[in-house]
Amino acid sequence: MHEMALCEGIIGIVEEEARKRAFAKVNVVCLEIGALSHVAPEALKFCFEAVAARTIARGARLEIVATPGTAWCMDCSKSVEIKQRYEPCPSCAGYHLQVTGGEEMRVRELEVD
Amino acid sequence: MSSERIIQVERDILGKNDRLAADNRARFRADEVLVFNLVSSPGAGKTSLLVRAVSELKDSFPIGVIEGDQQTSNDAERIRATGVAAIQVNTGKGCHLDAAMVGEAYDRLPWLNGGLLFIENVGNLVCPAAFDLGEACKIVVFSTTEGEDKPLKYPDMFAASALMLINKIDLAPVLDFDLARTVEYARRVNPGIEVMTVSARTGEGFSAFYAWIRKRWAKLKQAERTAQG
Numbered sequence: 001m002h003e004m005a006l007c008e009g010i011i012g013i014v015e016e017e018a019r020k021r022a023f024a025k026v027n028v029v030c031l032e033i034g035a036l037s038h039v040a041p042e043a044l045k046f047c048f049e050a051v052a053a054r055t056i057a058r059g060a061r062l063e064i065v066a067t068p069g070t071a072w073c074m075d076c077s078k079s080v081e082i083k084q085r086y087e088p089c090p091s092c093a094g095y096h097l098q099v100t101g102g103e104e105m106r107v108r109e110l111e112v113d
Numbered sequence: 001m002s003s004e005r006i007i008q009v010e011r012d013i014l015g016k017n018d019r020l021a022a023d024n025r026a027r028f029r030a031d032e033v034l035v036f037n038l039v040s041s042p043g044a045g046k047t048s049l050l051v052r053a054v055s056e057l058k059d060s061f062p063i064g065v066i067e068g069d070q071q072t073s074n075d076a077e078r079i080r081a082t083g084v085a086a087i088q089v090n091t092g093k094g095c096h097l098d099a100a101m102v103g104e105a106y107d108r109l110p111w112l113n114g115g116l117l118f119i120e121n122v123g124n125l126v127c128p129a130a131f132d133l134g135e136a137c138k139i140v141v142f143s144t145t146e147g148e149d150k151p152l153k154y155p156d157m158f159a160a161s162a163l164m165l166i167n168k169i170d171l172a173p174v175l176d177f178d179l180a181r182t183v184e185y186a187r188r189v190n191p192g193i194e195v196m197t198v199s200a201r202t203g204e205g206f207s208a209f210y211a212w213i214r215k216r217w218a219k220l221k222q223a224e225r226t227a228q229g
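For the protein sequence lines, the chains are A and B, in the order given.
Residues in the first sequence are numbered consecutively from 1, following this note's numbering.
Residues in the second sequence are numbered consecutively from 1, following this note's numbering.
Honestly, I wouldn't trust all of these hints.
[To be verified] The calculated DSS-like cross-link candidates involving lysine-lysine, where the alpha carbons are at most 27 Å apart (straight line), are: (1) Lys25(A) - Lys16(B); (2) Lys58(B) - Lys219(B); (3) Lys153(B) - Lys93(B); (4) Lys58(B) - Lys45(A); (5) Lys16(B) - Lys20(A); (6) Lys45(A) - Lys16(B); (7) Lys219(B) - Lys45(A); (8) Lys58(B) - Lys215(B); (9) Lys221(B) - Lys58(B); (10) Lys45(A) - Lys20(A); (11) Lys83(A) - Lys153(B); (12) Lys153(B) - Lys215(B); (13) Lys45(A) - Lys25(A); (14) Lys45(A) - Lys78(A).
[Said to hold, decoys possible] Covered by chain A, per the in silico footprint, the following chain B stretches (three or more residues, Cβ under 8 Å): (15) 4–15; (16) 72–82; (17) 109–120; (18) 155–163; (19) 216–225.
Don't read these hints as lab results, they were simulated from the structure.
Note that beta-carbon positions come from the ideal geometry of N, C-alpha and C, so glycine has one too.
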C-alpha cells in the first residue's frame, strides 16, 4: 500500500504550502499523474480521504490530471505514445522503447481559502 | 466575496524521499561505497543469495547489509552468522523501505570505506519500485518458480532495475522453465536490463555476478579519481 505513503507525501506538501502562503482551508488538490507512474489514480483517491482526515486538507477534493505515457522508439527514431510499459511501439510493433514521459507524480496546484 | 484562490505548487509527491535519497547518495559517494538495492517478490531467494555473496566477497571488500522486512530480525541474523554486519529495519505495516530508514540504518553500520552495501528491500514487486534509497542501482531477483511472465505483470520493478538475477536456476529442468521467454519479457519493459542466471543453493553463476560487481566497483573508483582530478 505505497498509496498511503504517497498520500502522506501529498499532505506534507499541502501543509508546507499552508505555512508558506498562509491559507487555512483547501478545497481542491490538483495532481498530475502519469500513465506510467507507480500509482493508479483510483487507488490514490481511495486513500486520500482517509489520510486527509484531521489535516488541513480534510474534505478537499482530489482532481487528477492524467498525462500520457511517451517513449522514444529506437528502431523508428521517433516519439510514440504508450499506455503501459510492456506495450510495443504502435508503429513498428517492436519493444526497443525508452520511456521519455508519463512517470510524473506531482502536486500541480491547490484551490484554497 | 469568496477568498478562494489558486496556488501553483508543481512539486513531486515523492520529493521529500528523493531529497533524502540524494543525501544518502552523497554520503555513499563520500565513503566510496557501492550500494545495491535488492528487490523481488517474497521467497525469490534474496537472503540466501546474499548469504552466499557476502560470505564469498567479505575477504575482498568491507561489506554491510541492511535488511528490510515487515517483522522479525531473522534475515539480519542469517547475514550476521557469516560475520558480516547487518542492520534489520522492520517496516511494521509498511510495504517498502524509504530513504529515511536507509539513512538511519547506515548510521548504525560500521564504516564501509571503499566497500559494498547491500540493501535487501521488503519482498514486494510493487511498492519498492517507487522509492529511491540512494543506491547505485536496483537488482531484481526473479526465481524460476515464479512464472516467465512476471516482468509483464510487474513491469515497474523490472523497468527500474539494472540487473535481473534469475535465481534457482538449478530447478529449471524440473520446472520446464523457459529462460529465453523470461528474458524476452524483461527486455520488453526494459531493453537495457542485464540478465544473469544463478543458484544460491549450488553457487552456479555467482562468479559472473561477482565479476559484474567488481566491474561496477572499478567504475565507481574511476569516477571518484576523475572527480578528484
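The hints, checked one at a time:
1. Our distance criterion of 27 Å between C-alpha atoms is met by Lys25(A) and Lys16(B), whose separation comes to about 23 Å.
2. The suggested pairing of Lys58(B) with Lys219(B) holds, with an alpha-carbon distance near 20 Å, which does not exceed 27 Å.
3. The hinted pair formed by Lys153(B) and Lys93(B) meets the criterion: a straight-line CA distance of about 24 Å does not exceed 27 Å.
4. Between Lys58(B) and Lys45(A) the CA atoms are separated by roughly 47 Å; this puts the pair beyond 27 Å, and the hint is violated.
5. Note on Lys16(B) and Lys20(A): the hinted pairing holds, with a Cα-Cα distance of about 17 Å set against a maximum of 27 Å.
6. With a CA separation close to 21 Å, the supplied pair Lys45(A) and Lys16(B) stays within the 27 Å bound.
7. Restraint check: the Cα-Cα separation between Lys219(B) and Lys45(A) comes to about 44 Å, which exceeds 27 Å; the hinted pair is violated.
8. Under the criterion of a C-alpha separation no larger than 27 Å, the hint pairing Lys58(B) with Lys215(B) is consistent with the structure, at around 17 Å.
9. Note on Lys221(B) and Lys58(B): the hinted pairing holds, with a Cα-Cα distance of about 18 Å set against a maximum of 27 Å.
10. Among the hinted pairs, Lys45(A) with Lys20(A) is consistent with the structure: their alpha-carbon atoms are about 26 Å apart, no more than 27 Å.
11. Note on Lys83(A) and Lys153(B): the hinted pairing holds, with a Cα-Cα distance of about 14 Å set against a maximum of 27 Å.
12. The hinted pair formed by Lys153(B) and Lys215(B) fails the criterion: a straight-line CA distance of about 31 Å is larger than 27 Å.
13. Of the pairs offered as hints, the one joining Lys45(A) and Lys25(A) holds, with about 19 Å between alpha carbons and a cut-off of 27 Å not exceeded.
14. This hinted pair does not check out: Lys45(A) and Lys78(A) have alpha carbons roughly 35 Å apart, beyond 27 Å.
15. By the rule of at least three residues with a Cβ nearer than 8 Å to a Cβ of chain A, the coverage given for the stretch 4–15 of chain B holds, with 12 such residues.
16. Coverage of a stretch by a chain is defined here by at least three residues with a beta carbon nearer than 8 Å to that chain's beta carbons; for the stretch 72–82 of chain B and chain A the count is 0, and the condition is violated.
17. Residues of the stretch 109–120 of chain B lying with their CB closer than 8 Å to a CB of chain A number 0, which falls below the three-residue condition for coverage.
18. Coverage of the stretch 155–163 of chain B by chain A holds [criterion: at least 3 residues with CB-CB distance below 8 Å; count 3].
19. A stretch counts as covered by a chain when three or more of its residues have a beta carbon under 8 Å from one of that chain; for the stretch 216–225 of chain B and chain A the count is 0, and the coverage is violated.
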